[in-house]
Amino acid sequence: MPIERRPLREQIKDELLERLGRGEFAADEPINENRMAADLGVSRTPLREALIALEREGVIRSERGKGFRFAPLSRKEFLDLSTIVREMESLALRLTDPAFLVSIAPRLLAEARGFPDQRAAYAVLERYDDEWHELLTSGCPNERLLDMIGSLKLTMHRYERVVVGDQDVLERSAAEHERIAECLLEGDVEGAIAALKTNWASGSERIMERFDLDRRPAAAAEPSPS
Numbered sequence: 001m002p003i004e005r006r007p008l009r010e011q012i013k014d015e016l017l018e019r020l021g022r023g024e025f026a027a028d029e030p031i032n033e034n035r036m037a038a039d040l041g042v043s044r045t046p047l048r049e050a051l052i053a054l055e056r057e058g059v060i061r062s063e064r065g066k067g068f069r070f071a072p073l074s075r076k077e078f079l080d081l082s083t084i085v086r087e088m089e090s091l092a093l094r095l096t097d098p099a100f101l102v103s104i105a106p107r108l109l110a111e112a113r114g115f116p117d118q119r120a121a122y123a124v125l126e127r128y129d130d131e132w133h134e135l136l137t138s139g140c141p142n143e144r145l146l147d148m149i150g151s152l153k154l155t156m157h158r159y160e161r162v163v164v165g166d167q168d169v170l171e172r173s174a175a176e177h178e179r180i181a182e183c184l185l186e187g188d189v190e191g192a193i194a195a196l197k198t199n200w201a202s203g204s205e206r207i208m209e210r211f212d213l214d215r216r217p218a219a220a221a222e223p224s225p226s
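Counting from 1, one number per residue, gives the positions in the sequence shown under my numbering.
There's no promise every hint is true.
What the hints assert, rightly or not - DMTMM-like cross-link-like pairs, simulated, lysine to aspartate or glutamate; straight-line CA separation at most 20 Å: (1) 66 with 33; (2) 76 with 182; (3) 197 with 129; (4) 66 with 55; (5) 197 with 182; (6) 197 with 176; (7) 76 with 186; (8) 197 with 186; (9) 197 with 80; (10) 66 with 29; (11) 76 with 87; (12) 197 with 29; (13) 197 with 126; (14) 197 with 134; (15) 76 with 57; (16) 76 with 33; (17) 197 with 130; (18) 66 with 80; (19) 197 with 209.
I should point out that these hints are in silico values taken from the structure, not numbers from a laboratory. Everything numeric in this text was worked out from a predicted model, so none of it was measured.
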């Protein structure tokens, strides 16, 4: 794990989120702190600080005398995360200079139209979608907001990879992305935000259609959203 000029606990937290997003940890999996610290090449103190930070975000749970474990999957949590990220990206657009949004709109539109397949493996769609949305919000001056969006998306990917699987084929949201870009070309930021929210809602629905609670007994007890 390369060392950067940031607090080590933050680097560890980001590394764990990256691995979680890649599906390297199972839902409700207990955490062996000694083994994880050795794997990351760090001491237990910054690792524990990172785990406590992830616990505050709901990614990890702890039990007295039993240590930490990754939180079980929850249909309600996935919908909550999707709603939060949707609103955060909407805020990012509102904070962005409208002229910048107009300037990137042609590229956003070209990339939305240039993706070769109407349907593709989830891993391919995930990479494409992340890059497209990163470009969309790249002009936001609030770096803390962008960091939070990135962190929450990694947690969402944990759900998506477990529920869908890297190689499962899904339909991409080309028309929805095109609509966002077209609104930005016209200088209609609020229209783009409305289209963005539609994109997030339909994307969540596509994942939820495949959320088979029977395969995850730990999630079955979670309340369904009203």
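The hints, checked one at a time:
1. 66 with 33: holds, 11 Å
2. 76 with 182: Violated: residue 76 and residue 182 sit about 32 Å apart, past 20 Å.
3. 197 with 129: With Cα atoms ~14 Å apart, residue 197 and residue 129 stay inside 20 Å; holds.
4. 66 with 55: holds, 14 Å
5. 197 with 182: holds, 15 Å
6. 197 with 176: Given pair residue 197, residue 176 holds - Cα atoms ~10 Å apart, limit 20 Å.
7. 76 with 186: violated, 36 Å
8. 197 with 186: Since the Cα atoms of residue 197 and residue 186 sit roughly 18 Å apart, the hinted pair holds (cutoff 20 Å).
9. 197 with 80: holds, 14 Å
10. 66 with 29: Roughly 12 Å between the alpha carbons, so the hint for residue 66 and residue 29 holds.
11. 76 with 87: Between residue 76 and residue 87 the Cα gap is close to 17 Å, so the pair holds against 20 Å.
12. 197 with 29: violated, 33 Å
13. 197 with 126: holds, 18 Å
14. 197 with 134: holds, 16 Å
15. 76 with 57: Status holds; Cα separation ~15 Å.
16. 76 with 33: violated, 28 Å
17. 197 with 130: The given pair, whose Cα atoms are some 16 Å apart, holds under the 20 Å limit.
18. 66 with 80: Status violated; Cα separation ~27 Å.
19. 197 with 209: holds, 18 Å
Violated hints for the displayed structure, listed by number in ascending order: 2, 7, 12, 16 and 18.
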